[in-house]
Every structure is written in structure tokens, then in C-alpha cells.
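Starting from the known structure of chain A, fit chain B onto it as the hints suggest.
Number of protein chains: 2
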Amino acid sequence: MVIVKGGVTAAKGFEAASAGAGIKYQGRTDMALIYSKKPCRTAGTFTTNVVKAAPVKWDRSVVESGVKSQAVIINSGIANACTGEEGYGYCKETAAAAEKALGVEAEGVLVGSTGVIGMQLPIDKLKNGIREMAENKNASLENGTSAAKAIMTTDTFHKEIAVSIQVGDKTVTIGGMAKGSGMIHPNMCTMLSFITTDAVISKKALQKVLSEDIEDTYNMISVDGDTSTNDTVLLLANGMAENEKIKYKTKEYEKFAEALHLVNEYLAKKIAGDGEGATALFEVKVIGASTKRQAKILAKSIVCSNLTKTAIAGHDANWGRILCAMGYSGAQFDPEKVDLSFESKAGKIQIIENGRAVNYSEEKATEILSQPEVAAIADIKEGTESATAWGCDLTHGYIDINADYRS
Amino acid sequence: MVIVKGGVTAAKGFEAASAGAGIKYQGRTDMALIYSKKPCRTAGTFTTNVVKAAPVKWDRSVVESGVKSQAVIINSGIANACTGEEGYGYCKETAAAAEKALGVEAEGVLVGSTGVIGMQLPIDKLKNGIREMAENKNASLENGTSAAKAIMTTDTFHKEIAVSIQVGDKTVTIGGMAKGSGMIHPNMCTMLSFITTDAVISKKALQKVLSEDIEDTYNMISVDGDTSTNDTVLLLANGMAENEKIKYKTKEYEKFAEALHLVNEYLAKKIAGDGEGATALFEVKVIGASTKRQAKILAKSIVCSNLTKTAIAGHDANWGRILCAMGYSGAQFDPEKVDLSFESKAGKIQIIENGRAVNYSEEKATEILSQPEVAAIADIKEGTESATAWGCDLTHGYIDINADYRS
Numbered sequence: 013m014v015i016v017k018g019g020v021t022a023a024k025g026f027e028a029a030s031a032g033a034g035i036k037y038q039g040r041t042d043m044a045l046i047y048s049k050k051p052c053r054t055a056g057t058f059t060t061n062v063v064k065a066a067p068v069k070w071d072r073s074v075v076e077s078g079v080k081s082q083a084v085i086i087n088s089g090i091a092n093a094c095t096g097e098e099g100y101g102y103c104k105e106t107a108a109a110a111e112k113a114l115g116v117e118a119e120g121v122l123v124g125s126t127g128v129i130g131m132q133l134p135i136d137k138l139k140n141g142i143r144e145m146a147e148n149k150n151a152s153l154e155n156g157t158s159a160a161k162a163i164m165t166t167d168t169f170h171k172e173i174a175v176s177i178q179v180g181d182k183t184v185t186i187g188g189m190a191k192g193s194g195m196i197h198p199n200m201c202t203m204l205s206f207i208t209t210d211a212v213i214s215k216k217a218l219q220k221v222l223s224e225d226i227e228d229t230y231n232m233i234s235v236d237g238d239t240s241t242n243d244t245v246l247l248l249a250n251g252m253a254e255n256e257k258i259k260y261k262t263k264e265y266e267k268f269a270e271a272l273h274l275v276n277e278y279l280a281k282k283i284a285g286d287g288e289g290a291t292a293l294f295e296v297k298v299i300g301a302s303t304k305r306q307a308k309i310l311a312k313s314i315v316c317s318n319l320t321k322t323a324i325a326g327h328d329a330n331w332g333r334i335l336c337a338m339g340y341s342g343a344q345f346d347p348e349k350v351d352l353s354f355e356s357k358a359g360k361i362q363i364i365e366n367g368r369a370v371n372y373s374e375e376k377a378t379e380i381l382s383q384p385e386v387a388a389i390a391d392i393k394e395g396t397e398s399a400t401a402w403g404c405d406l407t408h409g410y411i412d413i414n415a416d417y418r419s
Numbered sequence: 013m014v015i016v017k018g019g020v021t022a023a024k025g026f027e028a029a030s031a032g033a034g035i036k037y038q039g040r041t042d043m044a045l046i047y048s049k050k051p052c053r054t055a056g057t058f059t060t061n062v063v064k065a066a067p068v069k070w071d072r073s074v075v076e077s078g079v080k081s082q083a084v085i086i087n088s089g090i091a092n093a094c095t096g097e098e099g100y101g102y103c104k105e106t107a108a109a110a111e112k113a114l115g116v117e118a119e120g121v122l123v124g125s126t127g128v129i130g131m132q133l134p135i136d137k138l139k140n141g142i143r144e145m146a147e148n149k150n151a152s153l154e155n156g157t158s159a160a161k162a163i164m165t166t167d168t169f170h171k172e173i174a175v176s177i178q179v180g181d182k183t184v185t186i187g188g189m190a191k192g193s194g195m196i197h198p199n200m201c202t203m204l205s206f207i208t209t210d211a212v213i214s215k216k217a218l219q220k221v222l223s224e225d226i227e228d229t230y231n232m233i234s235v236d237g238d239t240s241t242n243d244t245v246l247l248l249a250n251g252m253a254e255n256e257k258i259k260y261k262t263k264e265y266e267k268f269a270e271a272l273h274l275v276n277e278y279l280a281k282k283i284a285g286d287g288e289g290a291t292a293l294f295e296v297k298v299i300g301a302s303t304k305r306q307a308k309i310l311a312k313s314i315v316c317s318n319l320t321k322t323a324i325a326g327h328d329a330n331w332g333r334i335l336c337a338m339g340y341s342g343a344q345f346d347p348e349k350v351d352l353s354f355e356s357k358a359g360k361i362q363i364i365e366n367g368r369a370v371n372y373s374e375e376k377a378t379e380i381l382s383q384p385e386v387a388a389i390a391d392i393k394e395g396t397e398s399a400t401a402w403g404c405d406l407t408h409g410y411i412d413i414n415a416d417y418r419s
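Quick note, the sequences are listed as chains A and B, same order. For the first sequence, this note's numbering begins at 13 and goes up steadily by one. For the second sequence, this note's numbering begins at 13 and goes up steadily by one.
Isolated chain A, as found in the complex:
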């Protein structure tokens, strides 16, 4: 497996484009297109929120229908959530406009939106954007990057990555782009991720590999515990690598899964580290667990704790808050067996042994916690299972973005 340049256009046959359609933002791009020369098998995972945005409903029906997809149209600025029948109608119109401009089947056109809730899309502007992107699309890495930039909301940097693996004598590439917690009044953060691959892979294997991997990647990150109405991960495979078909549970499947995991983990970590107001990526590893589930519950509880997140913001080795967050997680464990360490580029330091503080240097701990990427490792000494969760610190910046936005 090698990391290669680019994002959604890295895999064979994929093109991208962006446009400044003026949907809500001015002076920047706010639409992105992913186009495949050949129709793609498509897998998707969507928000579990009861309140689902129109694009989520639309994409789910496309993915479940099994129809092949050749284009994804994404906009930032307006989320098309809580917009009723009218909003769902705009998904249909978007697909129809893409059919007209790109010569693809409308039933297979996927859409994605992020931004303000409760506002209707200015559909004519969207249609203009689609026409513009149909003209400008190409397979360059620059166009892939421009698409990754166009979907940003309050993200402070764009997020993309690509990797290649060998499947038999063929090179298979997986590339992706994502956007994280952006907040635009009156709205919430939304996580969108779009992955493209030229692999030949069965429909079943494609959905399985995505559904299984998100449990260890996107579902293990938290910025503020608020699950958006729009969260979507889409995986498109156009088969242009011409490898022997990858089937579920084969050796080649495992290889593909590993590569997809690298892409998803990279994007998920970038989303976590770029959380609103974040100054640090906060990684939490729980090791020595009896079950994976127990490890996950504990890791997520720590990474979601406001008190722990503010301690990280303050570079404070506040182990009491971490033990506390483990304690209310709902998972069982023996607090008097817990070992806890902090680690970063500045070193590693043990803070707790068997549930009690060891005689550690606060100065060294603060130095370790002052890095832009910090990790807490909790060993509960019960078994061999482990899990990792990612989040960020909770800072004044988060309050600025989310409370003071209008004042």
C-alpha cells in the first residue's frame, strides 16, 4: 500500500470540478462535482439522526435501489434539512440538471449538502453551477483539491488523501475528500465524506467494507457530540482498474479494506483535529479491554467529555476527569485497575497506576499536553481488546463560532 497524490480524482476515470454558485457564500467556491467516466457501484452510510436532511433521504434511496451512479453534486452554504417536500424536490431537480449537463442517468445522481438548516436551496443558482462544472471538470489533482475546498464550511483546511494497492497485477486506487464540523447560522456541524475507487468489487463487498470500516473511523470521532442531520459517507467504485473482482471475505477484500481504512482514518482524524475552535487533536486509546465494545464505549466517553476536552485545551493532566468519564460511560470496569498515560511528540508520561496517581512531573505532563496532537492511553487490564477515538479540545474558539456568531 502506498500513499499517492490527490484525492477524489486519484483513481482512474474520476473527474472533479468546483464552482462559485453564490448559494450563500460570496467570493468563494460552494459547489463540487465528482464525475466518473463509467457508472459506479455505490455504497453509503448515513446519519442515524431521526431528522434526516433531504439529500440523505435521496442518496439512501439511490444506494438502496442498486442503480449505478456516475455523478455526485455537492453544495455548501445550505444543508437542505428541515425543508420538507420542497427540499426533496430540489434533490430531484439537481439530478435532472446533472443528467442534462453531464449526460448521466438522473436516477443515479448522488447529492450532498451542508450549511444552514431550514432554508431552501436557490435551485437556479445550483443549476448554473452544475452547467459550469460540467464544462470545467477534468481528472487533474488540482480539480480534486478544488472540489475538497468547495465543500468546506468552517473547516480551516481542506481534507483529501489517496492510496494505491496491488490487486493481482493491477493497481487499485482509493481516494477521498471530506469536510468536518462547520457551523453556519442557524445550523450544526456536518460530516461529509466522498470516496472514489477504480476497483472492480462486488456490490455486497463494497457496502460491507464501508459499513464495517466507519465503525472504527467516522463513528469514533466527536467534535461536540451533536450528530448532524446530514452526515453522509459515499463510496463509488467504477471498476476501471480492471482487477479481478474483489469479493467479500477474500484475501483481496482484506487488502482493500485495509487501504480504505487508511483513507477513512486519515479523513476522520483530520475532521476531529479541525473541530470548531480546536487547537489540538485528542486521541484516546483504551487497551486491555475484555471486548471491543467495552473499549469503544470507554474511549468515546472520554473523548466526548466536556470537562476532559477543556482540560486538554488547558494542557492540564486532569486524570480525575478521565476516570470520571470512564465511570459514567455505561461500560463496566474496575477503576482500581486502571493505568493512564499521556503521550505526544514531546514524550510519554504515566499519570495513574491501579486507579491512583503516581508521583509524576506536572511540568512534563503539561509539556506533553501542549502539542497539537495529544493522546491519552487507558489500560483497564482485563483482556486484549482495544479501541481508539478521536476528538478535539473545547476552547473559547468553539464558543466564539457557535455563540457569538450573530453578535
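The set of hints was computed from the structure by calculation and includes no laboratory data. Hints are supplied without guarantee of correctness; some may be wrong.
One copy or two, either will do: identical chains are not told apart, so a pair holds if it fits within one copy or between any two.
BS3-like, lysine-lysine: derived pairs with alpha carbons at most 25 Å apart [what the hints assert, rightly or not]:
(1) Lys69 to Lys104
(2) Lys349 to Lys104
(3) Lys49 to Lys139
(4) Lys69 to Lys17
(5) Lys216 to Lys257
(6) Lys139 to Lys297
(7) Lys64 to Lys393
(8) Lys69 to Lys393
(9) Lys49 to Lys261
Then chain B, alone, in the frame of chain A:
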């Protein structure tokens, strides 16, 4: 039912005292005593956190043993949590010191601690404090207030209340004090509440009335979603009102339950409104639910949402975040049936009807949300059940208290 003056000393036969023992704070009181002339039946409810502080373990065994209690010794500054055998030993020593100083049975002495985690209590200072309080205790309302002040950590005001009801021809009084989310490095918020009553009431009725009421009061508040290792509510009944014994599920029981509810709700709301950094009490009512459980899950999800809490801090009628928080709560409902209003002293305004924004005045909404007590009312139009939760806004003050504490 009438609200009367005072707190824990309002009921007959209860005395209180405070002392500045120098446990961790300097220049303020940090110990409180509640003493009853006659031994009390006692009920208690405790944190569900797996990590339980020593006083929680101690009190639970006292309450479960059925032994009568005549004194509660509380300290602020150090939580006596994650302190192992040594910490539990200090509960025992505290009880023994109280026996010696007050002439009460050590097995019935209750203890409470709040403050730093992982630090051992300076037991000699505690013993000095107990002796001092044994000398100074009296039944005055002032001493009750001084006890309520001594248990504060980062609370910005003390919290106490008392009510009286008639049971037959006797006056029964219930008084209480509580402390809320105080954060002292390296620690977490802790909720402690101590209720005294002179009622004659059966052991079973006493525990039932407390256990049932906390579900609608203390368990419906949230400051930051972090459940402490020390959370404790104790209810002591000394029987000195000489009323006919109150038994479970009788008419008199309901009357007593109503009075206790007023006390608990008052204290719970004060704790929520005095959350760290809070500038507003945020009340959430979910009405029109099919079940009480559904209403509670929805109300708590809204009140715990960081995005909603920052919106309240910004006086922002951000209904998208509220619908979103309802959506990920885990409770089922139809988003397209939801009506939502905001209400405060400045008026009431409807924001959503059937899941869609109505044409409301943002200016009026901001005016309503700029009050120190604001409410959101969500009607899900399914049935007749309802629930109320209380929290506070999430502000720069919370970050200041919890992140910048040491810098």
C-alpha cells in the same frame, strides 16, 4: 404548602454549623455539620458512576444498613475520590470523631465531600473542624445558611429552601441545601443535596419518595453531561413533628411528596442555573409525548446539546440545533409534526410549526432569549405526556473555569 424561611435547620430538632478547617481553601468556611436532636430515618440516592468516591460508598452502606443517623459531616475542597482504602478509612475516622464530639452513634454518621479528586483528606484538620462545629452548632436559620455556604465550591451563590405542610393537626417542615457544579483542579462538578424533615414517615415511604422524586428533579438537570463520582442526595427524617406516620401511597404521602418535590425542584433548578460560567437557566419542556420516557429523553438531549447551549449563550433562536438534538436523542418522533416555541419574561414566540420555520421576528426571539431564565417548549403532538429538563448556557466562562484554571 407554604414556603418558610431557612434551609436545613427549618425543620424541628435540626441544628447546623460550619467551620473554616483549612482543608484546601483558605479564608473561608469549608466544613458543614447537620445535627439532629433525635436519630433520623435516612434515605439516599447516589451517583451511578462506576467510579464512586469513598463518602458515596460509606453513606450507601449506612443508608442500606437501616441504622438511624444523627449527624452529617460535609467538607468542600477535597472530594475523597480515587483515594482507595486510605480514603475510605477517613470516612470511618470522621464518623468516630463525630461520635466523640457530638455523642452520636458513629455507625449512623453520614459524610459528604466535594472538591479535588485523588487527594487524601487532612484528617487532623477535619477532626478540629468537627470539634469546632460541635461547640457552635445551633438551630438558627443563620447556622443553616452558613452550612449551605460552607459546602460551595465554584457555586456563585448558596442554595437553600424550606416548606411546611399540614399533616393532620401537625406542621411538617422540609428544608434543604445543595451545591452544584463546582470545579476545582483536578476535578469535576459534584452535586450534593441534603434534605431534613421533622416528619414521622416510614422507612419505605422515605426512600420511595426520594427515589421517585429525583427522577423528575436532580436527574433532569445537566451542566455539562459529566456525572460526578460524588453525587449524593440525602434525606433525613427525625419524626419530631409528631404527626401520624406517613405511609407509602397514602394521601398524606402524596402531600409530603409534593412538598419534597418543591424543595428538590427548587434546588435542582438553582444548581442548573448556577452551572459553571452560566449566564442563563435554560428550561426545556417537551409536551404532547406518547410516554413520559420519550419526553424525558428528548428534553434531556436538548438541554445537554453543546450546540444548543452555545446558541442560548448567544441569544440565538437556533431551532435547527434543537430539532437536531431531538433527532439524535434515541427517542422516536415525527420531525414534521414538531412545534417549537421560546418563552421568557420578555414573552413567548413560536418558531417552528410542523417541523418548518414560521415567519417569526428574529428581533423578538433574541429579546426573549436575552433573559436570565429562558424556556424552549417542543410539542411533538403524539399524546399527553410531558417532561421538563433544566440546564444552562455554554459560555466563555465555562472554558475559563475549566481550561484556564492553572494558566
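- request: Against the structure, test the hints numbered earlier, and report the numbers of the ones violated in rising order.
  value: The structure breaks hints 4, 6, 9; every other hint is satisfied.
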